[in-house]
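Asks: So the chains spell out like this:
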Amino acid sequence: MLEIKELTARSDDGNDILKGINLTVRPGEVHAIMGPNGSGKSTLSSVIAGNPKFIKTGGTLRFNGEEIDELSPEERAHRGIFLSFQYPVEIPGVSVNNFIKTAINEKRRSMGLEDMPAGELLRMIKEKAALVELDPRFLSRSLNEGFSGGEKKRAEIFQMAALAPSLAILDETDSGLDIDALRIVANGVNKLKSPENATIVITHYQRLLDYIVPDYVHVLYKGRIIKTGGRELALELEEKGYDWLIKDYQ
Amino acid sequence: MQNSKYIKINEDLTTIKVEHDSRTTLRNTGQAESYLLLCSGSHSLCLTVEKGADVTLIEASDATPDFCYEIHLESGASLRHVRIDLTDKKTRYTLHQEKDSRYEMSLISLCGNQENLFTMHSEGEGTDTRMCGFTYGQAAYKVKNTIRLHHHKPHATSYQAFKYVADDKSRLSFDGKIIVELNAQKIEAYQKNNNILISEEAHIASDPQLEIYADDVRCSHGSTIGQLDADALFYMQSRGISYKSACGMLIRSFADEPLSIIKEDWLREQIEDIIASMLK
Ligand SMILES: Nc1ncnc2c1ncn2[C@@H]1O[C@H](COP(=O)(O)OP(=O)(O)O)[C@@H](O)[C@H]1O
Ligand SMILES: [Mg+2]
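Chains A and B, in that order, give the protein sequences. According to this note's numbering, the stretch in the first sequence is residues 1 to 250, in order. According to this note's numbering, the stretch in the second sequence is residues 251 to 530, in order.
None of these hints come from the bench; they were simulated from the model. A few of these clues could be false.
What the hints assert, rightly or not - Over 12 Å on every C-beta distance to chain A, these chain B residues come out as not near it, computed from the model: (1) 262; (2) 275; (3) 277; (4) 290; (5) 319; (6) 352; (7) 371; (8) 425; (9) 449; (10) 454; (11) 480; (12) 488; (13) 510; (14) 514.
As the list claims (entries may be wrong) - If you only want the chain A side, here are some residues facing chain B, beta carbon under 8 Å, derived: (15) 51; (16) 53; (17) 57; (18) 77; (19) 91; (20) 92.
All C-beta atoms in this analysis are idealised placements derived from N, C-alpha and C, irrespective of residue type, glycine included.
Excised from the complex, chain A in its bound form (with noise of 0.2 Å):
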C-alpha cells in the first residue's frame, strides 16, 4: 500500500530532515512510529501527505503503486490519504459541517460522483460524530476554534471516519489527551480498522498502543528508522527510554 525506499526530504528552507526512510505499510496493518522529539516524524506524515513546506530531495514514495510525489495534497487525500495532525488548524467562520460536507463532495467529484445528496450526508455525519462521541453541537461550530486540545483530536477522528481513507496516519492524536478522552479516540480508529485499511500511529507513549495494538513499532531518530521491531519494542522503550537506542547515533 504505502512503500518508502531511501526517501530523503528538506524544509523550504534548507534543513536536512529525513535521511533515508525506508517503510513499507501493507493493508490490514498497523505500525506505530516513535522517537524523541525532533527526530522528524511530523515532517515524515508531512511529506507523505504532501505538504508544500517540505521538498523530497531523494528516494521513492508510492501509494498503491503509484509515485506519488507530484500530486498535490488533495489528490493524495481523494485517493485514501489522511494524516490526523499534531496541532489541527483553527477555522473560524467554516462549521465542522461545512468543512467536512466540502472535503466529501470535492472527493466524489475528483471520482466523477455527483454530490452526496444531503439527507444521506446528514445521517451519515451524524453517525461518525456519535462514533467518536462527538457532541453534535460541535458540527455546526467553527472548526478547531476555541476547541481544547481532546475536542480538536476527536474532530480530527470524526473527520477520518467520515472520509474513510484507506491509510490514515495519525500524528500525535494522544498528546493532551486524558485517559478517557484517549480511549475514545482509540475506540474510533479500532472501529474504523478493516484488512483494507492501515494505520500509521506517531506517539511518545506507549499507553495509546494499548489500545492501538501495532504490529510493527519502529523507532524513528535525527530522520532515520533507526530499529524496527514488534509491539515488545514500544514496551521496552517506555521502560528504558530511548538512551540505550540512540547512543550509537550522537
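Position chain B with the ligands relative to chain A; hints supplied.
Replies: Showing chain B with the ligands alone in chain A's frame:
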C-alpha cells in the same frame, strides 16, 4: 470591465425609495424592522431613527454614483446598516449618535471603484458604534475608506474592523482616525485593518490613527498585511479540499466579522457565492 455581479432581493422588506433629496424618519413600532433602501441617481438622504426604535437598513445593487447620508440616531435607537457595493460609487456619511444609541454597519465591497467618507459623532454617553467592512479588490478597481470617528462624550464604545483582500491590480486603502475629545473619559475604542495580498501587483495602503485628548481611555489600533495562511491551506487540502476551494474558505473565514453582522441568510449566502466565484 463589465459588472455581472448582482444581489437578488427576495424578501418582503419595506422599501424606502429615494428619488430626490429626501428626509425619512423611522419610528419606534415596538419591534425590530427591516427596510430596503433604493435610490437612483445622485441624491442625499437625511435619516432619523427615533428614540428607542430598532431598525435594519439594507442597501444592495443599486446604481448611485454619488450619495450623501446624514443619519441621526436618537437616544436608545438602534440601527443595523448593511450595504453591498457592486458598482462605482462615491459616498459621504455623517452619523450623529445620541445617548445609548447603537450603530452597527457591515460594508461589503465586491466590485467597482468606491470612495467612502465616514464622519461619525458620538454625542451622548453610552453609545456603541460598530463598523465592519470587507473589500475584495479585483481588476484595477480602487477602493478607499476614510473614517473619522469622534468621541465627544464619556462611557462610549466603538469598534472598527476592516478586512481587505487585494487581487489583480486593485488598490485598496484604509485611512481611519479615532478622535477622543478632552472630556470623553472611559472610552473604549478599537480599530483594525487586516489585509491579505493575493497578487503582487495589487496595492494596499493602511493608515490607522488615534488622536486622544482624554487620559482615562482604552484605545487600540493596528493593521496587518499577509498572505493566506499556508498551514491552514495544507490542512484543508489534506482533507481533499482543492486549493481553490480552500482559498475560498479561508477568505470566507477572514470575512467572518463583517459577514456575521448580516443576519439575513438569503443575503449573506448570495454574498458568499459572489466571493466564491471571484477566486481564480
Ligand atoms: N518547517 C520547518 N522548517 C525548518 N525546520 C523544520 C520545519 N519543521 C520541522 N523542522 C525541524 O525538523 C526536525 C524534525 O521536526 P519534526 O518532524 O516536527 O519532529 P517530530 O515530529 O519527530 O518531533 C526538527 O529539528 C525541527 O526543528
Ligand atoms: Mg511531531
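Asks: Take the hints in turn and mark each one as holding or not.
Replies: Status of each hint after checking the structure:
1. Chain A leaves residue 262 of chain B outside its interface by the beta-carbon criterion, the shortest separation being 27 Å against a cut-off of 12 Å.
2. For residue 275 of chain B, the shortest C-beta to C-beta distance to chain A comes to about 36 Å, beyond the 12 Å cut-off, and the non-interface label holds.
3. Residue 277 of chain B, annotated as away from the interface, keeps every beta carbon of chain A farther than 12 Å; the closest lies near 35 Å.
4. Taking the minimum C-beta to C-beta distance to chain A, about 34 Å, the non-interface status of residue 290 of chain B holds against the 12 Å cut.
5. Non-interface call for residue 319 of chain B relative to chain A: holds, since the shortest CB-CB distance, roughly 29 Å, exceeds 12 Å.
6. With a minimum CB-CB distance of about 23 Å to chain A, residue 352 of chain B clears the 12 Å threshold, and the non-interface call stands.
7. No Cβ of chain A comes within 12 Å of the Cβ of residue 371 of chain B; the nearest lies about 32 Å off, and the non-interface call holds.
8. The non-interface label for residue 425 of chain B is consistent with chain A: the shortest C-beta to C-beta separation is roughly 27 Å, beyond 12 Å.
9. With a least beta-carbon separation of about 19 Å from chain A, residue 449 of chain B lies farther than 12 Å from that chain, consistent with its non-interface assignment.
10. Its beta-carbon lying about 21 Å from the closest one in chain A, residue 454 of chain B satisfies the requirement of being farther than 12 Å from that chain.
11. Distance check on residue 480 of chain B: its Cβ comes as close as 7 Å (rounded) to a Cβ of chain A, failing to clear the 12 Å threshold; non-interface status is violated.
12. Not every Cβ of chain A is farther than 12 Å from the Cβ of residue 488 of chain B; the closest lies at roughly 5 Å, contradicting the non-interface assignment.
13. A cut-off of 12 Å between C-beta atoms contradicts the statement that residue 510 of chain B is not in contact with chain A; the least separation is 8 Å.
14. No Cβ of chain A comes within 12 Å of the Cβ of residue 514 of chain B; the nearest lies about 17 Å off, and the non-interface call holds.
15. Taken as an interface hint, residue 51 of chain A checks out: its beta carbon lies about 5 Å from the nearest beta carbon of chain B, inside 8 Å.
16. The interface hint given for residue 53 of chain A holds, since its Cβ lies 7 Å from the closest Cβ of chain B, which is under the 8 Å cut-off.
17. Hint on residue 57 of chain A is violated. Least Cβ distance to chain B is approximately 19 Å, over the 8 Å limit.
18. Nearest Cβ of chain B to the Cβ of residue 77 of chain A: about 4 Å, under the 8 Å cut. The hint holds.
19. Checking residue 91 of chain A against chain B: minimum C-beta separation of about 5 Å stays under 8 Å; hint holds.
20. Because the closest C-beta pair between residue 92 of chain A and chain B is about 5 Å apart, less than 8 Å, the hint holds.
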